[in-house]
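Quick note, the sequences are listed as chains X and G, same order.
Residues 1 to 300, numbered by this note's numbering, are exactly what the first sequence covers, in order.
Residues 301 to 730, numbered by this note's numbering, are exactly what the second sequence covers, in order.
Just so you know, the hints here were simulated from the structure itself, not pulled from any lab data.
Glycine included, C-beta positions come from ideal geometry on N, C-alpha and C.
Warning: the hint list may mix true and false statements.
What the hints assert, rightly or not - Derived pair list, reagent style DSSO-like, types lysine-lysine, alpha-carbon separation capped at 30 Å:
#, chain 1, residue 1, chain 2, residue 2
1, G, Lys658, X, Lys44
2, G, Lys631, X, Lys44
3, G, Lys480, X, Lys143
4, G, Lys409, X, Lys44
5, G, Lys634, X, Lys44
6, G, Lys624, G, Lys579
7, X, Lys143, G, Lys476
8, G, Lys579, G, Lys410
9, G, Lys592, G, Lys480
10, X, Lys44, G, Lys624
11, G, Lys453, G, Lys429
12, X, Lys143, G, Lys453
13, G, Lys603, G, Lys658
14, G, Lys410, G, Lys658
15, G, Lys723, X, Lys44
Stated by the list, open to error - Facing chain G, from chain X, some residues (calculated, C-beta under 7 Å):
#, residue
16, Leu40
17, Leu41
18, Gln134
19, Leu158
20, Trp162
21, Ala195
22, Gly244
What the hints assert, rightly or not - With beta-carbon atoms standing in for the labels, derived distance ranges:
#, chain 1, residue 1, chain 2, residue 2, range
23, G, Lys410, X, Val114, 55 to 61 Å
24, X, Gly46, G, Pro414, 38 to 44 Å
25, X, Phe290, G, Lys624, 55 to 61 Å
26, G, Lys453, X, Val114, 47 to 53 Å
27, X, Val122, G, Lys453, 29 to 35 Å
28, X, Trp129, G, Gln459, 49 to 55 Å
29, X, Gly146, G, Thr664, 54 to 60 Å
30, X, Ala281, G, Arg362, 35 to 41 Å
31, G, Gln423, X, Gly46, 30 to 36 Å
32, X, Trp129, G, Lys410, 31 to 37 Å
33, X, Val73, G, Thr664, 54 to 60 Å
34, G, Pro354, X, Ala281, 56 to 62 Å
35, G, Arg362, X, Gly46, 30 to 36 Å
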Amino acid sequence: MRGERLFIALMLAPAFLVLALFYLYPTLQNLAISLTDLSLLRLKVGGNWVGLDNYREFVTGPDFGHILFNTVVWLTLLSVALRMLIGLGMALLLDSRVLKRVRLSTIAKLAILVPWATPPIVAVVIWRWMLDGQNGIVNAVLKNLGIVDHPVAFFADLRTVWPSVVTIIVWNTVPLVAVSLLASLQSIPDELNEAAALDGAARWQQFRYITLPFLMPTITVLTLMSVFWTFNNFVYVWLATGAGPGTYTNVLATEIYIKAFVDFRLGYSSAVGMVMALVMAVFGIVYYRFLAPSELKDSL
Amino acid sequence: MRKLTLSFAALLLGLSLTIGPALAQPAVNLTFRFNDTEEQPMRAALDQFQQQNPGIKVELQRIGWRDARDQYLREAAVGQGPDVVHMAQVWVKEMGQAGALLSLNDLMKKSPLPNGFDDFVAQDLAQDKQGVIFGLPWTTDTWAMVYRTDVLKAAGITQLPDTWAELHDASAQITKRTGKAGFGFPAGGSASGAIWFLANYYWWSNGKALVVQKPDGSYGMNLTAADIAESMHYFKSFITEGHNPTSNLSASDAHDPAILQALVAGTQGIGTMPPNTYKQVLESYAAANPGKPLPFVSGPFPKGSVTRTSNIGGRMLGINVNSKHPAEAWKLVKYLATEPIFTKYYTTQFPAQRSLLKKVDFGTEMKGFAEQLGYARTWGPYSDGPAPIGAMWNATGRAFSAALSGQRSEKDAADELLQAMSKLMQTRGQ
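With these hints in hand, go ahead and build the complete structure from the sequences.
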């Protein structure tokens with residue numbers, strides 16, 4: 001028994017070592033930096049100990065609520081919700097008989113992969129040009145249709161900047177959701193729907209009581225993973241708006257970047273990073289407490 | 301025996317073919333990181349340098365101005381980075397003091413500059429108080445106003461605006477009479493934002509400044525929240541009244557393609573920029589309209605209650621403290637500051653040597669820049685004071701962007717800028 005335990009420990013040791021080297025050490029190092037006033041201009045000299053000052057400044061600062069709201073509501077909740085809803089809709093469409101009947105199913109499945117295969121930087125550049133206030137095709141169409149009199153500055157107007165960013169995120173990431181849900185949809189036995197139809201169930205009832213329960217495990221996992229990816233995301237907001245106009249679209253990830261590499265305040269930036277890591281840890285706990293056990297059970 | 305001789309000869313031939321090229325490889329490989337857009341002419345200039353110095357090979361790296369400073373500081377701190385680095389003049393002192401740049405004093409002694417260091421402008425920004433020189437001023441410039449003469453004519457404007465109020469009125473008149481944009485300036489708040497320059501020119505022309513040196517030698521601010529809010533209100537009026545397109549709220553750089561395109565296409569009447577950007581506008585117009593006279597004129601900045609002004613700006617070259625070949629890097633720096641670079645390759649820039657500046661023919665379209673140079677001032681206390689210019693630049697850009705976009709009221713944004721400044725002045729940027 002003891003030998004068995006030793007064997008298990010030895011087998012796990014390399015993995016633990018890698019984790020300690022690449023996760024634990026940087027985290028502890030970041031924690032240490034967050035308690036100093038280290039600046040990019042004083043990297044060689046090092047920072048002075050400031051205790052929890054950086055944390056206090058961030059949490060009590062005037063922008064804290066705004067940044068948290070942007071990160072949680074605009075960046076995460078809205079884009080994840082839209083991604084899941086549109087992804088589900090696309091998966092249902094791709095699985096429908098209509099597309100198969102008009103022989104567009106394969107083309108549609110291939111076409112849906114195009115946004116997914118587009119790197120985020122390319123996606124943002126494309127959308128920035130399309131939504132450009134002066135020369136963008138979207139403004140040209142809106143003007144030609146008589147919907148607007150003057151071009152809309154999508155990335156500069158406070159009313160349109162967040163919807164524009166969310167549009168890019170959803171466009172670029174929805175295919176993963178759609179393809180994953182399509183795979184789950186195709187695993188639902190046809191007999192269930194046929195039996196329900198014979199029993200007089202309407203389409204909506206079939207969806208509500210057969211399709212959706214089958215999809216729920218996939219939806220749950222995808223939602224949680226999407227929350228992880230989106231909450232952490234820096235690329236879309238930074239490339240699309242640079243956290244502006246002003247600091248209107250500033251989120252936690254861009255705040256970390258701005259403080260570290262624009263204002264050169266590495267200590268403060270590390271403190272923001274630790275706060276962000278704490279929030280992510282909460283998501284992680286939710287995942288391991290509620291979802292991982294059931295997944296484990298399913299796989300056994 | 302013959303077989304043996306032949307084998308030996310073949311071996312020698314093989315060795316010379318394989319080892320020969322390796323031995324002929326340049327002894328020194330330098331890296332030059334260049335932040336401007338003129339990559340091709342700069343490559344041609346470096347090829348010429350390589351021909352003159354067969355033992356040195358130079359790799360040209362390109363990076364945007366926005367990321368250049370922090371990228372280099374990160375690399376230099378861990379013993380990496382290019383051998384020769386391209387910097388804004390205002391970065392040099394703080395980068396040198398951060399230990400990222402090599403002192404050039406010894407190199408200058410060993411291999412002096414043809415006309416000495418005194419021939420260069422902006423020496424105060426190149427060295428610290430102890431006289432340690434961290435950068436060689438490479439180019440110099442100042443911003444000026446740029447006008448489309450045909451748009452002004454169509455709007456019935458016969459004279460260039462002389463005051464800030466006249467500039468506002470001219471801008472409004474262009475939009476009202478022609479439907480085109482008036483004074484289209486970049487109003488975004490990113491790290492290299494142009495609004496920093498406009499704000500300072502406005503304050504300076506009205507006898508105010510973000511940083512001043514007091515009679516006792518200490519540094520302070522010479523701006524109230526009301527002053528800042530008033531300047532924000534002035535620049536915001538161009539956007540709210542529709543002479544500066546709202547889309548320019550997401551443009552931060554003078555060379556933003558949307559603004560340059562608007563000037564070239566004639567959909568905007570007035571702009572402001574440094575000379576290299578203006579030259580690009582002129583070249584683009586000439587390329588798009590071959591044979592047509594250039595409908596552009598440059599002019600000095602409008603007058604405030606005290607003066608009209610701008611800053612003497614430009615770029616410097618420095619040598620990485622981690623460079624393994626400082627002597628060769630210095631050779632490259634000296635070469636890049638020679639006259640042919642500015643007459644043949646890097647023609648969009650003006651040299652930083654006084655002796656070379658005297659020879660520059662500004663031409664008709666550039667006259668306004670030449671005139672503005674006479675009014676331009678150095679950053680002075682901004683550079684010598686306790687707050688890093690980069691940090692003040694960022695704070696100002698963000699505050700103006702917040703006010704101009706309507707994210708904050710002018711008063712709130714002005715208060716925030718004052719608070720940020722006061723913190724920077726106390727804590728030396730942290």
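Hints versus structure:
{"no.": "1", "hint": "Lys658(G) with Lys44(X)", "result": "violated (42 Å)"}
{"no.": "2", "hint": "Lys631(G) with Lys44(X)", "result": "holds (28 Å)"}
{"no.": "3", "hint": "Lys480(G) with Lys143(X)", "result": "holds (17 Å)"}
{"no.": "4", "hint": "Lys409(G) with Lys44(X)", "result": "holds (27 Å)"}
{"no.": "5", "hint": "Lys634(G) with Lys44(X)", "result": "holds (29 Å)"}
{"no.": "6", "hint": "Lys624(G) with Lys579(G)", "result": "violated (37 Å)"}
{"no.": "7", "hint": "Lys143(X) with Lys476(G)", "result": "holds (20 Å)"}
{"no.": "8", "hint": "Lys579(G) with Lys410(G)", "result": "violated (37 Å)"}
{"no.": "9", "hint": "Lys592(G) with Lys480(G)", "result": "holds (21 Å)"}
{"no.": "10", "hint": "Lys44(X) with Lys624(G)", "result": "holds (19 Å)"}
{"no.": "11", "hint": "Lys453(G) with Lys429(G)", "result": "violated (51 Å)"}
{"no.": "12", "hint": "Lys143(X) with Lys453(G)", "result": "holds (28 Å)"}
{"no.": "13", "hint": "Lys603(G) with Lys658(G)", "result": "holds (26 Å)"}
{"no.": "14", "hint": "Lys410(G) with Lys658(G)", "result": "holds (28 Å)"}
{"no.": "15", "hint": "Lys723(G) with Lys44(X)", "result": "holds (23 Å)"}
{"no.": "16", "hint": "Leu40", "result": "holds (5 Å)"}
{"no.": "17", "hint": "Leu41", "result": "holds (4 Å)"}
{"no.": "18", "hint": "Gln134", "result": "holds (5 Å)"}
{"no.": "19", "hint": "Leu158", "result": "holds (6 Å)"}
{"no.": "20", "hint": "Trp162", "result": "violated (12 Å)"}
{"no.": "21", "hint": "Ala195", "result": "violated (56 Å)"}
{"no.": "22", "hint": "Gly244", "result": "holds (5 Å)"}
{"no.": "23", "hint": "Lys410(G) with Val114(X): 55 to 61 Å", "result": "holds (59 Å)"}
{"no.": "24", "hint": "Gly46(X) with Pro414(G): 38 to 44 Å", "result": "holds (41 Å)"}
{"no.": "25", "hint": "Phe290(X) with Lys624(G): 55 to 61 Å", "result": "holds (56 Å)"}
{"no.": "26", "hint": "Lys453(G) with Val114(X): 47 to 53 Å", "result": "holds (49 Å)"}
{"no.": "27", "hint": "Val122(X) with Lys453(G): 29 to 35 Å", "result": "violated (42 Å)"}
{"no.": "28", "hint": "Trp129(X) with Gln459(G): 49 to 55 Å", "result": "violated (38 Å)"}
{"no.": "29", "hint": "Gly146(X) with Thr664(G): 54 to 60 Å", "result": "violated (44 Å)"}
{"no.": "30", "hint": "Ala281(X) with Arg362(G): 35 to 41 Å", "result": "holds (40 Å)"}
{"no.": "31", "hint": "Gln423(G) with Gly46(X): 30 to 36 Å", "result": "holds (31 Å)"}
{"no.": "32", "hint": "Trp129(X) with Lys410(G): 31 to 37 Å", "result": "violated (51 Å)"}
{"no.": "33", "hint": "Val73(X) with Thr664(G): 54 to 60 Å", "result": "holds (55 Å)"}
{"no.": "34", "hint": "Pro354(G) with Ala281(X): 56 to 62 Å", "result": "holds (59 Å)"}
{"no.": "35", "hint": "Arg362(G) with Gly46(X): 30 to 36 Å", "result": "holds (32 Å)"}
The structure fails to meet hints 1, 6, 8, 11, 20, 21, 27, 28, 29 and 32 from the earlier list, while all remaining hints are met.
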